[in-house]
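K.L.:
For what it's worth, the working numbering labels the leading residue of the sequence shown as 387, then goes sequentially.
If you are wondering where the hints come from, they were derived from the structure by calculation, not from laboratory data. Be careful, since some hints might not be right.
[Unchecked claim] Distance condition first, Cα-Cα at most 25 Å in a straight line; then the derived DSS-like pairs of lysine-lysine: (1) Lys-553 / Lys-582; (2) Lys-569 / Lys-553; (3) Lys-558 / Lys-569; (4) Lys-569 / Lys-582; (5) Lys-538 / Lys-553; (6) Lys-558 / Lys-582; (7) Lys-538 / Lys-582; (8) Lys-558 / Lys-538; (9) Lys-569 / Lys-538.
[Claimed, not checked] Here are the simulated distance ranges between beta carbons: (10) Val-545 / Arg-514: 17 to 27 Å; (11) Gly-585 / Gln-464: 47 to 57 Å; (12) Arg-614 / Ala-440: 45 to 55 Å; (13) Ala-532 / Gly-585: 24 to 34 Å; (14) Arg-571 / Glu-544: 11 to 21 Å; (15) Arg-614 / Gln-586: 24 to 34 Å; (16) Asp-493 / Gln-561: 51 to 61 Å; (17) Gly-429 / Ala-532: 29 to 39 Å; (18) Gly-495 / Asp-610: 17 to 27 Å.
Glycine included, every Cβ here is placed at the ideal spot set by N, Cα and C.
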Amino acid sequence: MVDSTAAKVARSAKAAAKADAGVLVIGLGRFGSAMAMTLDRLGQDVLAVERSPALVAHFSDRLPIVEADATNPEALDQLGARDFSVAVVGVGTSLEASVLITGNLVDLGTEQIWAKAVSAEHGRILQRIGAHHVVFPEADAGNRVAHLVSGKLLDYIEVEDGFTIVKMRPPKETQGFTVAQSKVRERYGVTIIGVKSPGQEFVYAEPETRISVNDLLVVSGHSDLLERFAARP
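Could you put together the complete structure from these sequences and hints?
P.N.:
Dropping the structure here:
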């Protein structure tokens, strides 16, 4: 689940990166390594920084990587951190290290700093010292899994401010009807944006798209409304 959050942040970091600059990923724990691997898979130039010799050896054949202590501003300067417009601080278990690294990147003038936080207090500190984006992988994963475990949802992605996209089975009242006939938007305040039939390609939902019992629906809306719709038999 942490990997899912890392992938989302990686796509955002890639979009923010300049065409002539890569992304600096500091710390190769679960979140940082998932970030670096995803960025690499997306075709983004990435440089990983890790101070653990064991982790450096583990990832050396998969990623461009430098062994360095990023809490030392001189080490960051020597490895060329100024050349990166986007940096990701994947260190979370050590609050002191996380804050020092983020502060060093702020001092270097890094244009976009994404920093992992493990608590609300940690996040507030990172924002106050200059992190542009603070992410909470564990909290995001816990929220997502809670929705999957407690209801009929097959997948759950909260985008922002409660707006959510889910994958779910169609309630009985929609089966055999078109999207227009089911009147889901009018009745429940959510929007069917796609339908996936067994053995068929995903299609964007049109008013005339017919929903079958074995289909999968991709639905968007506020999380509370989606939970109400998904709870229908």
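K.L.:
Evaluate each hint against the coordinates.
P.N.:
Taking the hints in turn, this is what the structure says about them:
With a C-alpha separation of about 10 Å, the suggested pairing of Lys-553 with Lys-582 holds against the 25 Å cut-off. At most 25 Å may separate the alpha-carbon atoms for a hinted pair to count; Lys-569 and Lys-553 meet this at roughly 18 Å. A hinted pair counts as satisfied when its Cα atoms are at most 25 Å apart, and Lys-558 with Lys-569 qualifies at roughly 13 Å. Note on Lys-569 and Lys-582: the hinted pairing holds, with a Cα-Cα distance of about 19 Å set against a maximum of 25 Å.
For the proposed pair Lys-538 and Lys-553, the alpha carbon gap of about 9 Å is at most 25 Å, so the pair holds. The suggested pairing of Lys-558 with Lys-582 holds, with an alpha-carbon distance near 16 Å, which does not exceed 25 Å. For the given pair, Lys-538 sits about 17 Å from Lys-582 by alpha-carbon distance, which is consistent with the 25 Å threshold. Between the alpha carbons of Lys-558 and Lys-538 the distance comes to roughly 13 Å, so the proposed pair stays at or under 25 Å and holds.
A C-alpha spacing of about 20 Å is found between Lys-569 and Lys-538, which places the hinted pair at or below 25 Å, so the restraint holds. Hint check: Val-545 to Arg-514, Cβ distance near 26 Å, so the stated range 17 to 27 Å holds. At roughly 55 Å, the beta-carbon separation of Gly-585 and Gln-464 lies within the given 47 to 57 Å, and the hint holds. Taking the beta carbon of each, Arg-614 and Ala-440 are about 49 Å apart, inside 45 to 55 Å as hinted.
For Ala-532 and Gly-585, the hinted distance range of 24 to 34 Å is satisfied, since their beta carbons lie about 32 Å from each other. One distance hint, 11 to 21 Å for the beta-carbon pair Arg-571 and Glu-544, holds here, with the actual separation near 20 Å. Separation of Arg-614 from Gln-586 is about 28 Å and conforms to the stated range, judged on CB atoms against 24 to 34 Å. Remark: the range hint 51 to 61 Å for Asp-493 to Gln-561 is upheld by a beta-carbon distance near 59 Å.
For Gly-429 paired with Ala-532, a C-beta distance near 34 Å keeps the hint of 29 to 39 Å intact. Checked against the hint of 17 to 27 Å, the C-beta distance between Gly-495 and Asp-610 comes to roughly 42 Å, which is inconsistent with it.
When the structure is compared with the earlier hints, a violation turns up for hint 18 alone.
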